[in-house]
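Next come the chains, spelled out residue by residue.
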Amino acid sequence: MSSVNEFVIRFANVNGTGSASANGIFAKSIFRMGIPISPKNIFPSNIQGLPTWYEVRVSEKGYLGRRDGIDILVGVNPQTYIQDIESVVTGGYFIYDNSKPMHESFFREDIHFIGIPMMKLSMQHFADPRKQQLFKNIIYVGAVAALIAMPLTAVQETIEKLFAAKPKLIPPNFEALQIGFDYAVKHYSCPLEYRVQKADKTGDSIVIDGNTATALGLIYGGATVAAWYPITPSTSLASAFEKYCKKLRVDPETGKNNFAVVQAEDELSAIGMVIGATWNGARSFTATSGAGVSLMNEFIGLAYFAEIPVTLINVQRGGPSTGMPTRTQQADILSSAYASHGDTKHVLLFPSTPNECFHFGALALDLADRLQTPVIILSDLDLGMNEHMTDPFIWDEQKQYDRGKVLNAKEMDEIKDWGRYLDIDGDGIPYRTIPGTHPTKGSYFTRGTSHDEYAKYSEAGDAYVRKVDRLLRKFETAKEYVPKPAMRQAKEKTDIGILFFGTTRYAALESLDILNEEGIYLNAMRIKAFPFNHEVRQFLDDHQKIYVIEQNRDAQMRSLLINELDYDPGKLESVLNYDGTPITADLISQKIRHSLNVKQQQSQPI
Amino acid sequence: MSFAKPKFTHPQSPRNKVGYIKSDYEGVISTLCAGCGHDSISGAIVQASFEMDIEPHRLAKLSGIGCSSKTPTYFLSNSHGFNSVHGRMPSIATGANLANKNLIYLGVSGDGDSASIGIGQFVHVIRRNLNMTYIVMNNGCYGLTKGQDSATADVGSINKTGKANEFGPIDLAGLALELGASFVARSFSGDKTQLVPLIKAAMSHPGFAFIDVISPCVTFNNNKGSTKSYDFVRDHMTVTSKVDFVPLKEEIEVQYEAGKKMDVKLHDGSTLRLAKLAPDWNPFDRNSATNKLQKARSNGDVLTGLFYIDPSSGDLHKKLNTVDVALNTLNADQLCPGQSALDKINASFRG
Numbered sequence: 021m022s023s024v025n026e027f028v029i030r031f032a033n034v035n036g037t038g039s040a041s042a043n044g045i046f047a048k049s050i051f052r053m054g055i056p057i058s059p060k061n062i063f064p065s066n067i068q069g070l071p072t073w074y075e076v077r078v079s080e081k082g083y084l085g086r087r088d089g090i091d092i093l094v095g096v097n098p099q100t101y102i103q104d105i106e107s108v109v110t111g112g113y114f115i116y117d118n119s120k121p122m123h124e125s126f127f128r129e130d131i132h133f134i135g136i137p138m139m140k141l142s143m144q145h146f147a148d149p150r151k152q153q154l155f156k157n158i159i160y161v162g163a164v165a166a167l168i169a170m171p172l173t174a175v176q177e178t179i180e181k182l183f184a185a186k187p188k189l190i191p192p193n194f195e196a197l198q199i200g201f202d203y204a205v206k207h208y209s210c211p212l213e214y215r216v217q218k219a220d221k222t223g224d225s226i227v228i229d230g231n232t233a234t235a236l237g238l239i240y241g242g243a244t245v246a247a248w249y250p251i252t253p254s255t256s257l258a259s260a261f262e263k264y265c266k267k268l269r270v271d272p273e274t275g276k277n278n279f280a281v282v283q284a285e286d287e288l289s290a291i292g293m294v295i296g297a298t299w300n301g302a303r304s305f306t307a308t309s310g311a312g313v314s315l316m317n318e319f320i321g322l323a324y325f326a327e328i329p330v331t332l333i334n335v336q337r338g339g340p341s342t343g344m345p346t347r348t349q350q351a352d353i354l355s356s357a358y359a360s361h362g363d364t365k366h367v368l369l370f371p372s373t374p375n376e377c378f379h380f381g382a383l384a385l386d387l388a389d390r391l392q393t394p395v396i397i398l399s400d401l402d403l404g405m406n407e408h409m410t411d412p413f414i415w416d417e418q419k420q421y422d423r424g425k426v427l428n429a430k431e432m433d434e435i436k437d438w439g440r441y442l443d444i445d446g447d448g449i450p451y452r453t454i455p456g457t458h459p460t461k462g463s464y465f466t467r468g469t470s471h472d473e474y475a476k477y478s479e480a481g482d483a484y485v486r487k488v489d490r491l492l493r494k495f496e497t498a499k500e501y502v503p504k505p506a507m508r509q510a511k512e513k514t515d516i517g518i519l520f521f522g523t524t525r526y527a528a529l530e531s532l533d534i535l536n537e538e539g540i541y542l543n544a545m546r547i548k549a550f551p552f553n554h555e556v557r558q559f560l561d562d563h564q565k566i567y568v569i570e571q572n573r574d575a576q577m578r579s580l581l582i583n584e585l586d587y588d589p590g591k592l593e594s595v596l597n598y599d600g601t602p603i604t605a606d607l608i609s610q611k612i613r614h615s616l617n618v619k620q621q622q623s624q625p626i
Numbered sequence: 002m003s004f005a006k007p008k009f010t011h012p013q014s015p016r017n018k019v020g021y022i023k024s025d026y027e028g029v030i031s032t033l034c035a036g037c038g039h040d041s042i043s044g045a046i047v048q049a050s051f052e053m054d055i056e057p058h059r060l061a062k063l064s065g066i067g068c069s070s071k072t073p074t075y076f077l078s079n080s081h082g083f084n085s086v087h088g089r090m091p092s093i094a095t096g097a098n099l100a101n102k103n104l105i106y107l108g109v110s111g112d113g114d115s116a117s118i119g120i121g122q123f124v125h126v127i128r129r130n131l132n133m134t135y136i137v138m139n140n141g142c143y144g145l146t147k148g149q150d151s152a153t154a155d156v157g158s159i160n161k162t163g164k165a166n167e168f169g170p171i172d173l174a175g176l177a178l179e180l181g182a183s184f185v186a187r188s189f190s191g192d193k194t195q196l197v198p199l200i201k202a203a204m205s206h207p208g209f210a211f212i213d214v215i216s217p218c219v220t221f222n223n224n225k226g227s228t229k230s231y232d233f234v235r236d237h238m239t240v241t242s243k244v245d246f247v248p249l250k251e252e253i254e255v256q257y258e259a260g261k262k263m264d265v266k267l268h269d270g271s272t273l274r275l276a277k278l279a280p281d282w283n284p285f286d287r288n289s290a291t292n293k294l295q296k297a298r299s300n301g302d303v304l305t306g307l308f309y310i311d312p313s314s315g316d317l318h319k320k321l322n323t324v325d326v327a328l329n330t331l332n333a334d335q336l337c338p339g340q341s342a343l344d345k346i347n348a349s350f351r352g
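Chain order of the listed sequences is D and Y.
My numbering applies: residue 21 is where the first sequence begins, and numbers increase by one.
My numbering applies: residue 2 is where the second sequence begins, and numbers increase by one.
Hints listed in this document are in silico derivations from the structure and should not be mistaken for laboratory results.
Where hints are given, some of them may not hold.
Stated by the list, open to error - Heads up, simulated DSS-like pairs for lysine-lysine below, C-alpha to C-alpha not over 25 Å straight-line: (1) 276/D / 319/Y; (2) 186/D / 345/Y; (3) 18/Y / 461/D; (4) 225/Y / 147/Y; (5) 147/Y / 221/D; (6) 276/D / 345/Y; (7) 181/D / 345/Y; (8) 320/Y / 276/D; (9) 461/D / 8/Y; (10) 267/D / 6/Y; (11) 266/D / 319/Y; (12) 243/Y / 225/Y; (13) 8/Y / 476/D; (14) 267/D / 319/Y; (15) 8/Y / 436/D; (16) 263/D / 320/Y; (17) 140/D / 188/D; (18) 266/D / 320/Y; (19) 461/D / 23/Y; (20) 23/Y / 476/D; (21) 267/D / 345/Y; (22) 319/Y / 263/D; (23) 23/Y / 6/Y; (24) 147/Y / 461/D; (25) 476/D / 6/Y; (26) 345/Y / 263/D; (27) 120/D / 151/D; (28) 266/D / 345/Y; (29) 6/Y / 436/D; (30) 221/D / 206/D; (31) 345/Y / 419/D.
From a predicted model like this one, the values you see are computed outputs, not experimental measurements.
Extracted from the complex, chain D is given alone in its bound form (with noise of 0.2 Å):
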């Protein structure tokens, strides 16, 4: 099994180690030798001293998606040595430090395993036990590239980089890594049958997690308020929100920062402050996850009953309950899109890559204001916390924030008949009014409880119909706003499709091709957003029979297609992965296969 530049490699580390810094060179410079990486950190919930994996699938064919079987491990873990070698495919690599013997009965014959005294060689030339510890693991990166043929200067570049700030730290890591290379190519016959060489399949596009991009998006959108709660996988978004707001929105004048973060006592706290400023014109967010989210609920239902924009990003992590905190789904569909009692719907956007997560975190915000309701991204743990490659962010600078209708003092002025909830257009949006405009127009009573088109509480039937019913208009307005399905003809006619969204894309495009390969053909539509626009049922009315693909148990987005659709269960059949592990093309490949296959043989005669 001889591979150039399509391996998955997994390193298996000691959490609070070091080594995700070290991982992280190792992949970027693959990345910087133009072929494609897809990393992906397997964490716990956890400061120091579990085990964490970081896995890298180099493909230079550009599949993305997580792909099972270990090509190589590198083991620097002994608590994990056992599943980590069970790991690995018949004829891969175990790398592991053997500065001290490992035990006899962990050797597989059908795996290689190559020993490197990683400790050993760090102890050698490291006098600090501090610095012993993280040059370890930068020796097993020079061992590593001597391994698989990575040429030192990639890696060297990307630690020059890496240490620009501190060039001091450059020369250490340089002659660690150099330890580690020089002991692989002494003891080894390097390369391995797995390997790299230089490609040129990466074009100009970068590496970043969706959560950075994300808050990239909300900034470039002009959010200036945010409030949110620490809570795994959302908590980097805030954060690079906060760092990056810090290099690009402090008035060069003044010192003085155009953008206010505050950490919340908790999430209800969180959505409430974001409420708080929308209401007041300001462009505001707040991140959290599926657990967030449920405290969410009441106040969720006020901004959709009381038409105040809210942009909310739920980076989803494995529910219910606590659930899998450190692991990836897309189980928050249906509680996203009907949070809080009552009669509810929101609006909801699927970004599948960063890129996407960028153009979306900007996008939001111009729906929500257009919409006066919430809007919620539904990013997930793999989208937000893994470093994905995508194209790089190109921000149109014609474009115009879409406030959507707020009535300044002069409208104020000229407007007739003003009531905040009276739909004037007819397209269920009405006009709203922003605190401190007019001295004596455009004043109203924001409120939960039932009201009248002019604002004024009532408990009468029908005017609660009115507002409700006006309210689903407005949904139907949101169609026309929100994204449009992506859509893939099949090479060969087909009446077989496929559907997935988010992050199932990665595995998703990667089965297309394989089943291709096998001469199966499906139509792809990737759904990007939540009311679902014609083109969605359109796309189910052209098929017999379509694959819902999705990372949760109960087919979330099958049910939400069927319910919002009044759509036939029986043409939807579900594909999915609920281990908070991302999906892979081999379980879409494996389950479509089976039920084409089952199909044919229903139709056998007897």
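Take the given structure of chain D and dock chain Y to it, following the hints.
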């Protein structure tokens, strides 16, 4: 339903400096019980706003849920109002204030709203020293759900059903002092002469200004044996000082001798005049205020008046170092860093 008050007014009704008559600061007709303390507080807010020459559209009124939180419809109908969810007014006020630091924020809450379901938000809005006036209309019970004891009811206080409360009270003013609030006062809905100047001072204070107003519930908690009844409060009320608000730009004049007057200059140039000072109290000393409050409590007295003020505290915006203009006035030119900055960011993510 709500009913608007008739609009006709006497043509000679006095106008304030910004051209409004007092009825311009009123709201719709109250639907609270006749004699409710809350209506008196609404009246005090109307009077204070009128006398302070506040332009109604420069003030935003916010509330949570409960009888107290209904009152913002009964005053300042020319101001934007926000009746939020139970106990969560502070977060709405925080967001609103972050968006526009140049409005006056008046929050109205109750003892259920602030001492129970919303105590977390109450605590944290104090920590942030949000520039707002926070009035708790404190009646020791849940009026809108028919008189259950609230967390501010005193131990042994007897409610309408004749039952004595078993649980110790949360003293919101004491809590606010403990948490570092920069303006803490207590008043009584039945004492407008004290309440109006306190509200004016609170609205002039450039930070979190808390007024706990004992406001008897005539329907469910005004019976004999209740420590939140009109009779009980009148009989047990003591004061830290006689409070007056002087909207003049006078020189600061501070005297520390008991019985004399003390003038506290507020940031807008007006003056809070304290007269007949309690002898063992210094409004600038948090410890002294805490001691005085605790002493009154152990004596069974209801201490009212200004407890503590720090006229120079830095509010949340100061801590966040925000620009001088309201964040909601910034436009795309000021907010969007543009493609050249994005090119640099892209480059930093190329490995």
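Status of the hints after comparison with the structure:
Taking the CA atoms of residue 276/D and residue 319/Y, the gap is about 10 Å. The hint holds against a cut of 25 Å. At roughly 20 Å between alpha-carbon atoms, residue 186/D and residue 345/Y fall within 25 Å of each other, so this suggested pair holds. In summary, the hint linking residue 18/Y to residue 461/D is supported, as the alpha carbons are separated by about 20 Å, within the 25 Å threshold. At most 25 Å may separate the alpha-carbon atoms for a hinted pair to count; residue 225/Y and residue 147/Y meet this at roughly 18 Å.
At most 25 Å may separate the alpha-carbon atoms for a hinted pair to count; residue 147/Y and residue 221/D exceed this at roughly 71 Å. Restraint check for residue 276/D and residue 345/Y: satisfied, since their Cα atoms lie roughly 23 Å apart, inside the 25 Å limit. At roughly 14 Å between alpha-carbon atoms, residue 181/D and residue 345/Y fall within 25 Å of each other, so this suggested pair holds. Between the alpha carbons of residue 320/Y and residue 276/D the distance comes to roughly 11 Å, so the proposed pair stays at or under 25 Å and holds.
The straight-line distance between the Cα atoms of residue 461/D and residue 8/Y is roughly 16 Å, inside the 25 Å bound, and the hint therefore holds. Straight-line distance between C-alpha atoms of residue 267/D and residue 6/Y comes to about 53 Å, which puts the hinted pair past the 25 Å bound. A C-alpha spacing of about 16 Å is found between residue 266/D and residue 319/Y, which places the hinted pair at or below 25 Å, so the restraint holds. For the hint linking residue 243/Y to residue 225/Y, the alpha-carbon distance of about 29 Å lies beyond 25 Å, and the restraint is violated.
A distance of roughly 17 Å separates the Cα atoms of residue 8/Y and residue 476/D; the hinted pair therefore holds under the 25 Å criterion. Distance restraint check for residue 267/D and residue 319/Y: the Cα-Cα separation of roughly 19 Å lies within the 25 Å cut-off, and the hinted pair is therefore satisfied. With a C-alpha separation of about 21 Å, the suggested pairing of residue 8/Y with residue 436/D holds against the 25 Å cut-off. Distance hint between residue 263/D and residue 320/Y is fulfilled; the C-alpha atoms sit about 17 Å from each other, no more than 25 Å.
Between the alpha carbons of residue 140/D and residue 188/D the distance comes to roughly 24 Å, so the proposed pair stays at or under 25 Å and holds. Between residue 266/D and residue 320/Y the alpha-carbon distance is near 15 Å, which keeps this suggested pair within the 25 Å criterion. A hinted pair counts as satisfied when its Cα atoms are at most 25 Å apart, and residue 461/D with residue 23/Y qualifies at roughly 18 Å. For the suggested pair residue 23/Y and residue 476/D, the alpha carbons sit about 23 Å apart, so the restraint of at most 25 Å is met.
Taking the CA atoms of residue 267/D and residue 345/Y, the gap is about 12 Å. The hint holds against a cut of 25 Å. A threshold of 25 Å between alpha carbons decides the hint, and for residue 319/Y with residue 263/D the separation of about 19 Å falls inside it, so the pair holds. Straight-line distance between C-alpha atoms of residue 23/Y and residue 6/Y comes to about 13 Å, which keeps the hinted pair within the 25 Å bound. For the suggested pair residue 147/Y and residue 461/D, the alpha carbons sit about 37 Å apart, so the restraint of at most 25 Å is broken.
Using a Cα cut-off of 25 Å, the hinted pair residue 476/D and residue 6/Y holds, with the two alpha carbons roughly 14 Å apart. Distance check on the hinted pair: residue 345/Y and residue 263/D sit about 15 Å apart at the alpha-carbon level, within 25 Å; holds. For the given pair, residue 120/D sits about 19 Å from residue 151/D by alpha-carbon distance, which is consistent with the 25 Å threshold. Under the criterion of a C-alpha separation no larger than 25 Å, the hint pairing residue 266/D with residue 345/Y is consistent with the structure, at around 15 Å.
Taken as a hint, the residue 6/Y and residue 436/D pair is honoured in the structure, with Cα atoms around 23 Å apart against an allowance of 25 Å. The hinted pair formed by residue 221/D and residue 206/D fails the criterion: a straight-line CA distance of about 32 Å is larger than 25 Å. A distance of roughly 20 Å separates the Cα atoms of residue 345/Y and residue 419/D; the hinted pair therefore holds under the 25 Å criterion.
When each numbered hint is compared with the structure, violations occur for hints 5, 10, 12, 24, 30.
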